[in-house]
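2 protein chains.
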Amino acid sequence: MAGAQPGKIMERPLGERLALLTDLYQLTMAACYFDQGMADEATFSLFIRQYPAHRGYFVAAGLAEALEYLETLSFTEDDLAYLESTGLFKPPFLDYLKQLRFTGEVHALPEGSLFFKDEPILEVSAPILEAQLAETFIINAVGLQTLIASKAARSVYAAQGRPLVDFSLRRTQGSDAGLKVARASYLAGFLGTSNVLAGKLYGLPIFGTMAHSFISSFAQEIEAFRVFSRVFPGSTTLLIDTYDNIAGARNAIQVAREMEARGHRLQSVRLDSGDMAAISREVRQLLDEAGLASVRILASGGFDEAKIARTLAAWGRIDSFAVGTRMGVSADAPYFDIAYKLVKYDGRPVLKLSTGKVTLVGKKQIFRHYDEQGKMQRDVIALRGEAVPGDEPLLRPVMRQGRIIPPQPSLKDSRDYFQAQFARLPEPYKTLIEPRLYPVALSPGLRQLQAEVEDKMRQGELGES
Amino acid sequence: MAGAQPGKIMERPLGERLALLTDLYQLTMAACYFDQGMADEATFSLFIRQYPAHRGYFVAAGLAEALEYLETLSFTEDDLAYLESTGLFKPPFLDYLKQLRFTGEVHALPEGSLFFKDEPILEVSAPILEAQLAETFIINAVGLQTLIASKAARSVYAAQGRPLVDFSLRRTQGSDAGLKVARASYLAGFLGTSNVLAGKLYGLPIFGTMAHSFISSFAQEIEAFRVFSRVFPGSTTLLIDTYDNIAGARNAIQVAREMEARGHRLQSVRLDSGDMAAISREVRQLLDEAGLASVRILASGGFDEAKIARTLAAWGRIDSFAVGTRMGVSADAPYFDIAYKLVKYDGRPVLKLSTGKVTLVGKKQIFRHYDEQGKMQRDVIALRGEAVPGDEPLLRPVMRQGRIIPPQPSLKDSRDYFQAQFARLPEPYKTLIEPRLYPVALSPGLRQLQAEVEDKMRQGELGES
Chain A
1 MAGAQPGKIM ERPLGERLAL LTDLYQLTMA ACYFDQGMAD EATFSLFIRQ
51 YPAHRGYFVA AGLAEALEYL ETLSFTEDDL AYLESTGLFK PPFLDYLKQL
101 RFTGEVHALP EGSLFFKDEP ILEVSAPILE AQLAETFIIN AVGLQTLIAS
151 KAARSVYAAQ GRPLVDFSLR RTQGSDAGLK VARASYLAGF LGTSNVLAGK
201 LYGLPIFGTM AHSFISSFAQ EIEAFRVFSR VFPGSTTLLI DTYDNIAGAR
251 NAIQVAREME ARGHRLQSVR LDSGDMAAIS REVRQLLDEA GLASVRILAS
301 GGFDEAKIAR TLAAWGRIDS FAVGTRMGVS ADAPYFDIAY KLVKYDGRPV
351 LKLSTGKVTL VGKKQIFRHY DEQGKMQRDV IALRGEAVPG DEPLLRPVMR
401 QGRIIPPQPS LKDSRDYFQA QFARLPEPYK TLIEPRLYPV ALSPGLRQLQ
451 AEVEDKMRQG ELGES
Chain B
1 MAGAQPGKIM ERPLGERLAL LTDLYQLTMA ACYFDQGMAD EATFSLFIRQ
51 YPAHRGYFVA AGLAEALEYL ETLSFTEDDL AYLESTGLFK PPFLDYLKQL
101 RFTGEVHALP EGSLFFKDEP ILEVSAPILE AQLAETFIIN AVGLQTLIAS
151 KAARSVYAAQ GRPLVDFSLR RTQGSDAGLK VARASYLAGF LGTSNVLAGK
201 LYGLPIFGTM AHSFISSFAQ EIEAFRVFSR VFPGSTTLLI DTYDNIAGAR
251 NAIQVAREME ARGHRLQSVR LDSGDMAAIS REVRQLLDEA GLASVRILAS
301 GGFDEAKIAR TLAAWGRIDS FAVGTRMGVS ADAPYFDIAY KLVKYDGRPV
351 LKLSTGKVTL VGKKQIFRHY DEQGKMQRDV IALRGEAVPG DEPLLRPVMR
401 QGRIIPPQPS LKDSRDYFQA QFARLPEPYK TLIEPRLYPV ALSPGLRQLQ
451 AEVEDKMRQG ELGES
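Chains as they are written, first to last, in the numbering used here: chain A, 1 to 465; chain B, 1 to 465.
Keep in mind that the hints are not guaranteed to be accurate.
Because identical chains cannot be distinguished in the list, a pair is counted as satisfied if it fits within a single copy or across any two copies.
[To be verified] Distance condition first, Cα-Cα at most 20 Å in a straight line; then the derived EDC-like pairs of lysine to aspartate or glutamate:
1. Lys117 / Glu434
2. Lys357 / Asp275
3. Lys98 / Asp78
4. Lys357 / Glu16
Source of the hints: derived by calculation from the structure; they are not laboratory data.
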């Protein structure tokens, strides 16, 4: 329905607008590194520590945004004036920030990749000040899109081939989330979105129907239907539940006949309340009896993977779903325990030992093993240089010396990649309730290094022997 | 810590950047209204249909953003070119959009108001096309800030006077949410935020400490502490849990003594993992024994109102809390059932009858009754012209003919207003678990009109008698 013109709403590149969209501690730590002349290479690893209830996989998304941010990261004069006004920072450090650019490298999973807990989604290697500074934005951007893509993938799975459209914009957590939810749900297999700006920015198909207020603004429901069908004869979806679904369906049938007389066809009717399975069967029967088998039934109203599955299991005759709030905020799991941790500094693998939170040290690679039918069988997290013969390495270099390595996949490429990947994940790992835990092992090299570093940390810092 | 320079990151006003941040159906309905020449006044009411579990009040927030959007709403050439490219809209309608501005009026609760389910947060009256078009953004903007302010107020209540700081930016749902969470939590009584851009945009106090990676980048924890305390001698908070809280506390005590020798004082230590109540008591004792009674204990890591209350109930010796993810996404209730419904069109009160979702018709006012001690006793939702003698009307005119009515309160004013309001809400309505339901009645006038309209709708549309 629409061509993409990415980035057109924003006059400045992402990193220049958002350099201050960070936690103050990133800047105070940076001032310390600057003061100490600490510029050795640090590697940070981004990963999710655990699965929310009933989740067994994640879908990587948000990489393109993180890379754009890194490539264009810079502080404006206005930013620096604000930092100076806080009284926290000295002029030499502010001068340093003025010319700061990200100069490091990034290895990452392509968007649309399936991955599992503890596996690195991306690893950033750069002078420690630069790599640290990017923490807040990278967690936020990759975290949100990965959260939504992972939720949306479950809805797509539940719908068993029926098209889904994102209707969540009004209740997403803010406008940025509204855009990213449209993008991430498309990546995970949604057909499109109601979000016009997302359509423009990302080149997504956009869809819309009508609101109850539209119906109410006419004296009679059928008048509202008639007007809409005349203004949009090629794409009419009629909302039939404003007063009563069945009476609304009869009005829609009447209008469908009037449209046919003018050489047009009613595309669909939309249900938005009540017992969707029962109502959809009744409406389907009315439409079929009226010779309107081609009119499709769209349902909206509180759908996510659970309600989609329930409605279809109750023999709902629904052709497509508008999926809104619960997907758009990932209502059952509104955040992931995602972290960006220092794993190597100045050639030295590092970790923290805080209770219950362990980080895998060093630069890493994920290797994936497939069975003879091409289905995913297990992953191994290894050191980046380590060889795991026969298995597929998943992390790829995507940025070098601060520049994105071309070509990067289009959103459509990433969507296709996800679908191909998801088809290779065996069913037991996909089920919506208590999925089987996908096996992820540590390589011998990583296990050994991890043990060595833990021992050394305990001895060195805690005086244990 | 910092002066406000609101709006400086964005080169264009909100409404001009975000005119397309809407659902497609707003534009298809607008095209129908345009086609039919329907320009009569419509009134839409924004309200929340029900309480999430354990919630008994809401805190109004986000009004300033909604008003800025309305005052500056306009479509750019670029927006119109995109809409044309979809093939959905005809040139006369696109020409109309080109000159469209919002010309209506808004009545609203001031930001920081306490309100309850079914009560209008705001009512928009304008030609139906304009009032409808604004639906998506208004729900999104007011919905998010109200969601967060309502959650943050509970954390403030649980902390019993201890200062709270917003640390949620990395896991908010996107960058816009990151900014709005900082603003809304400040409005609800937080002391400030870690979010530097929010500090700049909204003039909030900003706070920061250090990350585990900072500690790990030095060979010894105490070296990291020493460097930080030398670079920021006036505002040093040391994170002590990277290896072990108690060993970390001993290092912090050592550094505090070194700071004292240089004429400075350690401000605080930060706990981030483990059994916070127990650890804080141990750390408090160590600090006190070292003569460092003035060093405060800040705790972070998974705090929201529930964990704050639990930790204090277990005699945790914590002076302030950094509140992150669970507040920043309102984890227990990540969305409200918030709706923007047509309640009057062309002089005619309207509603929809869909199962389980009833709208209060007409232009309304909320009246609040206080007892002799000045405590809130009950609310009455009335028709806007109706008199409820002795009670305080809450909705105020805030926009007329598309222009914001000055003066609007500053964020600090709204914060003060919330605190004054909250002090007047009796304790049983504030408790964190199963609060008492605040009484909200409908006025005689509203009850009568509602019944009349429902009867008329049923007769007119459904043929019931």
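We went through each hint and held it up to the structure:
no.: 1; hint: Lys117 / Glu434; result: within (15 Å within a copy, 35 Å between copies)
no.: 2; hint: Lys357 / Asp275; result: between (45 Å within a copy, 14 Å between copies)
no.: 3; hint: Lys98 / Asp78; result: within (11 Å within a copy, 32 Å between copies)
no.: 4; hint: Lys357 / Glu16; result: neither (33 Å within a copy, 45 Å between copies)
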